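Q: Here is what each chain is made of, one letter per residue.
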Amino acid sequence: MFDYGMFKFSSKEEVIEKSIAYWNPGKTKFWRDSGIDLVIDKREGYVIHDMDGKRLIDLHINGGTFNFGHRNTELIDTLKIALDHFDIGNHWFPSVARTALAEALVKVCPGFDYAFFTPGGAEAIDVAIKSARYATQRRKIISIIKGYHGHSGLSMATGDARFSKIFLSDRPDEFIQVPFNDLAAMERALSSRDIAAVILETIPATYGFPMPHDGYNQSVKALCEQYGALYIADEVQTGLLRTGEMWGWQSYGVQPDIFVNAKGISGGIYPFAITMLTKRTGAWMEEDGAAHISTSGGAEPGCFVALKVLEILKRPEVRANVQYLTRYFGDAFRDMVQSDGDVIVGLRQKGVVMGVEFAHPEGAVHASRALYENGVWAIFSSLDKRVLQFKPGVLMSYALAEEVVDRFRVALPRMRELIAQAPSVRSAA
Amino acid sequence: MATETAKLNFTSHSDTHGAMLDRARWAATTFARYDRAATLKIARAVAQAAHSQAARYAEWAVRETGFGVVGHKRLKNELCSLGIFETHKNTDWTGPTIDRDRKLVRIGRPAGVILALTPSTNPVATVFFKTILALLTRNAIIICPHPAAKACCADAADLLAAEAVKAGAPDGVIQVVREPSIPALEGLMGDERVDLVVATGGPAVVRAAYRSGTPALGVGPGNGPVYVDSSADLTAAAARIVESKSFDNSILCTNESVVLAENAIADQLLNTLRAAGAHVCSPGERESLRAFLWSDKGFNVGAIGKDAAVIARACGFTIAGDAKILLVPIDRLLPEEHFTREKLCPVLGFAPVGGVDEAIRAARSMTRKSGGGHSAAIHSQNETTIMTYAAAVSALRTVVNAPCSQGAAGFGTNLGPTMTIGTGFMGGSALGENLTPASLMNWSSIAYPTDERVPFGNFEGLTPWQTPNSIVSVPSQLARSVPALDELALLREQIRSLVRDELKSALGRT
Ligand SMILES: Cc1ncc(COP(=O)(O)O)c(C=O)c1O
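Residue numbers (the numbering used here), protein chains in the order written: chain A, 1 to 429; chain B, 430 to 939.
Looking at chain B on its own, in the form it has when it is part of the complex:
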């Protein structure tokens, strides 16, 4: 052993990311010339591979991060693989599309190289989700996982990358940052070779993405209010709320944060919630919970995605074996009341309100500092109330008579399944809708004069990407091995019923 070593440190002087970005650029340039059939073949193969490993990565993600529930994560992984593919595959994200009436042709233009940040809370589901959206739109994607979930994400990305190439994708179309860190991330986000940053993470990361100067789609945090009025089916509402709060232990940012119960039915709803599996906390329990969940440093990360029983135990009380969530009655709907803030754990505030106007005021107050533009829920049969509430609360999606965790994320609603909820301008984001393939591409339009004397060209049967001077040749194994769409009908139906069954079991009744 040397008595004295030089202690030369070379580690900070490696630039593996530059090579990665260059490789992604080659891949993106090549991929942008694939036609729709070849693109779908790749996206399908990757979605199937992801789906087949849903359980393994669910288990791994929970083991690595300590967040969430394996069974629910498995479901999310399934929905974010084949579910996503099924949802979007019938839309043409490639083009050319011809609109004779308007004398327009549109040709799909992928973003190019996408840098995708994935969170620790929904790690592999987000890897699957963003990758499949990127593939559907012929983009190259570089995944930069949250450091707390880097191993499961890197493994998943490697699997998807291998499947993609096997299905004919260009080399390097899916890559992963293996040693994510803040400096690495900042360097990547600001690098000119990145075309688009898609950031899912904390507000600091999202703001950094926008500051980077690279086009970015970042989404902010949630803090969902749920209003229950006297017209609601209280038993059903209570069941859905408990189902939603216990789904992956509230790790989806679409989960309900505070129940706002119309005075007339508040007591009854409390009892129904108790019957549905909510442990109603005493004032003493509430204060121990408060001390456990919040400190000067903010929310206790150790509580994220944990079981209700685990949290209760940590606070020194026990709950009944069948209790799935902790319900905390509060009386002051003001920002200084901690329980009005976002809680990515099965802890739910509960407060009576006079009616929809007070519910709206409370909801707006909850999301004034953080959580704006995200999700809200309502349980009501009254369309006027629903409309008034949806128009006034600071949320871009209000789900009606459904569990908010799932419904606002597009599971069991027609919002389109997503792991990235656009929070729009009120939530500090350029994206208002749930992230879909459309967010990751542009269209080039060919436009003719409206003047009827000018004839429209005949573009039928032309393929834009097989120009004689092909810039990068598509691997030869691609040659027409794409199965005809008819052959896929059977598979498609199988997947559809599978997704349907899973949704049913996840949502209780629908």
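The shape of chain A in the complex, shown without the other chains:
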């Protein structure tokens, strides 16, 4: 019996059945059919437990949501204390918490003047696109093929057709896609001079973290300037020290006109997202500050959590930890490419943003499963199944990092076995 006070379940099977019946049949069945029968129950730090008690080290961290681990005690304490005085507040009015957070954010985002708050990343992207359209008085948006920015109206329109066509919501006339790392294609698209903005994940996450070629981001920004378009950086997965710098764009030396962060800024405990704007890109707020409204955007308890997130990220110890993790996993995978090159062929890495490349075109799906069986939860890239998203949180300790590598190595024979059994074994280039 699983008793959660307000509800009870007799077994995990019951949860899964009812989840199919009442919540989301497709998602629930997908995992069940992939051999990953996970219902996350207890969670602490970078470790999650399935309802059955199975312990897993979380390397998925839901794209950086659990950058500081699950139920980080400092963040939880912060939220609890904030709730002694605040609720989500009233979006119509200025507020102490929103003002304090906005000021703190502007201070850690050189070149930016305003912080706009929404409850989720997708809406924050919508705000970014709207702001760019207002500032340029142009409509068209360029994004990257296999880029991912969320599922609200405008953010979804920038993404893979799989998510828009199903809802009859694709808008190819206003949303143009070009291949990643292809400057010529980018320039061709921009040269029509009717583009409001280019939106780029600083490193495309759902695509499996292909690394931008040297100078790519900077060149895109230069092309934007040349053709009168704005540069929007989607920093949802690359912000908050994950690339080694506070913001990924800082790692690549590019200054966006707008950027978006979400997931990690919520500390995994209070939904929150931000759109950072300049005087120019935030100008619509002078004309009509209520032109974009979000009742739970900037909810005040979340402001406290976000402030604490920023405070933790400023600690020199945390920056040091990221550097050590970066080096440690870099070394470990370099060794594995040498010793097990038939399975693993490379590591894409910027800080703790990593993608493990497999020889087999669906290698990461099998790896995900083999790791799951061996106590590690890491998800494949849904838009490139050759690549496993490998995303340790910035506070991961040496002991846990060492355990991750141990488990990875133990799981390698199982990966090899699953890959060999896969229906279409094609050897990699």
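FYI, nobody ran anything at the bench for these hints, they're computed from the structure.
A hint or two may mislead.
Stated by the list, open to error - Subject to a maximum C-alpha distance of 25 Å in a straight line, what follows is the list of computed SDA-like cross-link-like pairs (lysine to any residue): (1) Lys436(B) with Leu307(A); (2) Lys80(A) with Ala613(B); (3) Lys385(A) with Ile36(A); (4) Lys753(B) with Thr842(B).
Since we're looking at a predicted model, the values are computed, not measured.
With the hints as your guide, set chain B with the ligand onto chain A.
A: For chain B with the ligand alone, coordinates are given in the frame of chain A:
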């Protein structure tokens, strides 16, 4: 201004120490793979940096704590930096060491993450001392200073950390707790991520260290008896005792507490002590001193490390300009006599005794409740007396014909300079010797059968830490920039003579 504020208090909910411990673990894991040359390069650079700032931190420590004498603190800072490095650098704390005859190879295994508590009495000297020992043995160290000395200690730790990294040490190898407090300390000591606690401080702190469940080296307080028998050179003995008691105003826990003078020479010794700079207190002065130094709450912290003249003034009497210590004749060598207890200030008890047996009884009585296992001194030419005394008193080091403050701390003796005196089992400690690098590490042994038919392996020239699957890469700037040992001979000689000169001036004559 708000008429009413929320008064939300977030301060107790910060966990900066967890991040610190994690950083230290990375550093320790990386550092444990450094070879001897790279390790020595780092320890040397840090010792030199510490030495160059000895005067500044001496002044700062006295200003911040109000304890001690700037000149003496400077000397301690110097000895606890380059002095410590020179003392230990020729021993291999890294390995591998090969013993062909015994078919053994030993590989150094650092403790890992060391939590070092440093006292308010010898703040920066202890920071220097423990840090250099930790570096020599490839450990990461987190310094938790006494709150009364936190600013000078944090500044010193930052300086050493920057120098260490500049010399190639891994990031985070030296860190400091900036806001030390009892709860913070207890949390740290009990944290599984700490491998070893090295506690120098009051008995409460030392006991807490042992209670924490983490391996700990804590040392207890002292209360040194000094016996002077009729065979001693009284003039020399008196000079050494005054020198020792006035050294940093008796702030080293190795200072003499009570002079036990053999009856036959007691009066003469009293006069010699007076001539050497002791103010001999009248019974009235003794009672004002007693009232000033002790209360229900224990020893008056305000007296610690203060000049004799300052203490006398506070007690309502004046002393001659050249008097450096206050000598207090007492007649009852029993625990209820306050002056038989530890006094970290230039106040020294004085009592005649019948001979070595009575001296031993008095010495043992003095240290029965507190001060056991620490230090004792004797001034004598008689080896039998010396041996009998050393074997019977409750002390793990008895210095002969030398100032005890300095001598028991290893300055001018071959005990090895230290700021951490092991008080052993009789002093409630797991450490009996003065803290050395050996205390901060273990050795892994490779052992072959003694059977002569089994050959011993050839380990010559093998380096244990350059395995192909290097776990954390050593920063590249380390690459072979270590100077050859020959180039250092000159520097070494300079340092040696410097240390020698300083010792000479500190100890008067040697
Ligand atoms: C890069 C990127 N942008 C935007 C989003 C959308 O964020 P949310 O799910 O909070 O709407 C995501 C979510 O996965 C993302 O990874």
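Q: For each hint, tell me whether it holds in the structure or not.
A: Comparing the hints with the structure gives:
| no. | hint | verdict |
| --- | --- | --- |
| 1 | Lys436(B) with Leu307(A) | 17 Å, holds |
| 2 | Lys80(A) with Ala613(B) | 22 Å, holds |
| 3 | Lys385(A) with Ile36(A) | 16 Å, holds |
| 4 | Lys753(B) with Thr842(B) | 24 Å, holds |
This entry satisfies every hint, going by the numbered hints stated previously.
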